Amino acid sequence: MRKMKNMKIGKKLMVSYGIIIIFYIITVIVSLFGVYNVSKSLDVFYNKAFTASYTAGNLRASVQRIGRTVLSIATEGVNVDRQVQLDEIDEILGDMDTNLTMLKEQMPDNDLVNQLREALKDQKQPREAVIEALKNGNDEEAISLYGSDYEPKAEKTRECLEEITAYSKVNAEKYLDRGHEVRKQMTAVILVLSILILMITVALCLYITKEITEPVSEVREAAKNLAEGKLQVRLKYQSEDELGELADSFRETISALNDYVSAVEAGLLAVGNGKLNYHPETAFKGDFVALGDAMEQITGLLNRAIMQIACTADQVAGGSEQVANGAQILSQGATEQAGSMEELAANINEISDSVKSNANDAVMTSKKVDEVSRLVTRSSDEMKAMVQAILEIRENSSAIGGIVKEIEDIAFQTNILALNASVEAARAGEAGRGFSVVASEVRHLAAKTREASGMMARLAAQTTEKVDGGTEAADKTARALDLVVKGTEVIGTMVDRISGASVRQADSIIQIRQSMEMVSEIVQGNSATAEESAASSEELSAQAQVLKKLVEEFELS
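UniProt numbering applies: residue 1 is where the sequence shown begins, and numbers increase by one.
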């Protein structure tokens, strides 16, 4: 077991599986051997006992068939085909010779077979005599020979066959019992081997499981303790397999961690005792080199920091005196600043009043500009309405021109009709004189109408020209009003900005005044603080001396 314990895990598993496979092969071989013995017993049973009994039965049946055939030929006479029956007897005799030969092979060196052979030999002569009589047609002689000579010999043959059958039965039972015995023996052997293999397999499984789980559990427990910060861990497992190597590596890890922790602890204690020139004796390896470097950096950093603190303490001691002197000067300057701030506050109040007045004026101006903008916008809208009315007048003047042209056409046609009427009146003579006067008046009216329409056309043309001029002037006026509206809007926006800026300036002046008051208070506070700083600087100088004494207690490199 010690030797197996030191084996590699893979080799342990291979040996265990090899043992199990060897026992499995032994079981298979034993099973095959048992099957072979049972098969051999069955072969002997079939080829000897069973086949001999079967052959003896065939011989006995052949003897009985010969007797029945002989009696059938002798008793039935001419009603039977003798030759067929005799050929059948010859065939039966051939089968008997074959079965006898088989029986000799199945039961060699057996007295019963020899007795059967002698009995068959003894009945051969009587049988041939009976058959000869039947061939000759002497049926009564054949029956007589059958009863006196053949039947006693045949009975003796049957008795021999019965003895052989009984012997074969006993022999078959013996072989059968032997087969049962072999089966029981092989079953017992296989059962014992199976139990033995099962026990060995279970033992190997338990052993392998124990050899794997126990060291793994021990290493796991050690790792758990290590994770909890417990470095005083002991691993008892010793072996040359992979788990033993793992345990050895774990022990080395624990030892290295103990060394590192001890080194860190010693370094921290040294730093705590003021020894800033400490250097660890343990050599850090791998990723722990960074830990050693960090300790070196910490001690170096503290060393430099303490040295700087010492230098700073000296500087603070010297600087505190300067601060005290500066505080005196600052106190005097703060007093002078307070007077200046009061004068500045008075000037800012005057500026604030002026800015408020400007802001109020800007607000009033903004309101006036808004009113002017609304009036200009309204005038622009009315001018646009006037332009639209002028455009409508222009359209109406154009329509009047068309109407005047129609009137001229009517006057022209009326004049033509009047001329035609005068011509007709002249043709009518005295009777048409009155009509001629009327036609002359009509022509005169047509001429006046034409003159009036021409005058109206000229007036319409003049009206159109005037309307065009008025439209152009109205357009210019409307555009000018639009520019005025836009200008007033820009002026309004600028005035609003000025008003807002004035208001913001007023607010800013108020804030400045408040700030000046705060500055005045701060200046007064600075004066008091300067006095306090002078006292504090003296205290700081004393504390700097104490700090220098504390720094001198450290051991620096």
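Derived from the structure by calculation, the hints contain no laboratory data. Remember, predicted model here, so these are calculated numbers, not experimental data. Certain hints may be false.
[Unchecked claim] Derived DEER-like restraints, expressed as beta-carbon distance ranges:
1. Ser31 with Glu245: 22 to 30 Å
2. Tyr207 with Ser31: 26 to 34 Å
3. Leu257 with Ser217: 14 to 22 Å
4. Gly229 with Tyr17: 37 to 45 Å
5. Ser217 with Glu252: 18 to 26 Å
6. Glu118 with Tyr24: 38 to 46 Å
7. Gln388 with Asp507: 48 to 56 Å
8. Pro108 with Ala203: 51 to 59 Å
9. Leu257 with Ala203: 50 to 58 Å
10. Val30 with Ala166: 31 to 39 Å
[Unchecked claim] Distance condition first, Cα-Cα at most 16 Å in a straight line; then the derived EDC-like pairs of lysine to aspartate or glutamate:
11. Lys135 with Glu88
12. Lys40 with Asp177
13. Lys210 with Glu242
Glycine included, C-beta positions come from ideal geometry on N, C-alpha and C.
We went through each hint and held it up to the structure:
1. Ser31 with Glu245: 22 to 30 Å: At 43 Å between Cβs, range violated.
2. Tyr207 with Ser31: 26 to 34 Å: The hint (26 to 34 Å, Cβ to Cβ) holds, given that Tyr207 and Ser31 are roughly 27 Å apart.
3. Leu257 with Ser217: 14 to 22 Å: holds, 21 Å
4. Gly229 with Tyr17: 37 to 45 Å: holds, 42 Å
5. Ser217 with Glu252: 18 to 26 Å: holds, 20 Å
6. Glu118 with Tyr24: 38 to 46 Å: Violated, since Glu118 and Tyr24 (Cβ atoms, about 58 Å apart) do not stay within the stated range.
7. Gln388 with Asp507: 48 to 56 Å: With a Cβ separation near 49 Å, Gln388 and Asp507 satisfy 48 to 56 Å, so the hint holds.
8. Pro108 with Ala203: 51 to 59 Å: holds, 54 Å
9. Leu257 with Ala203: 50 to 58 Å: violated, 39 Å
10. Val30 with Ala166: 31 to 39 Å: Since the Cβ atoms of Val30 and Ala166 sit about 37 Å apart, the hinted range of 31 to 39 Å holds.
11. Lys135 with Glu88: holds, 13 Å
12. Lys40 with Asp177: At roughly 13 Å apart (the allowed maximum being 16 Å), Asp177 and Lys40 satisfy the hint.
13. Lys210 with Glu242: Holds: Lys210 and Glu242 sit about 15 Å apart, inside 16 Å.
Comparing the model with each earlier hint shows violations of hints 1, 6, 9; every other hint is respected.
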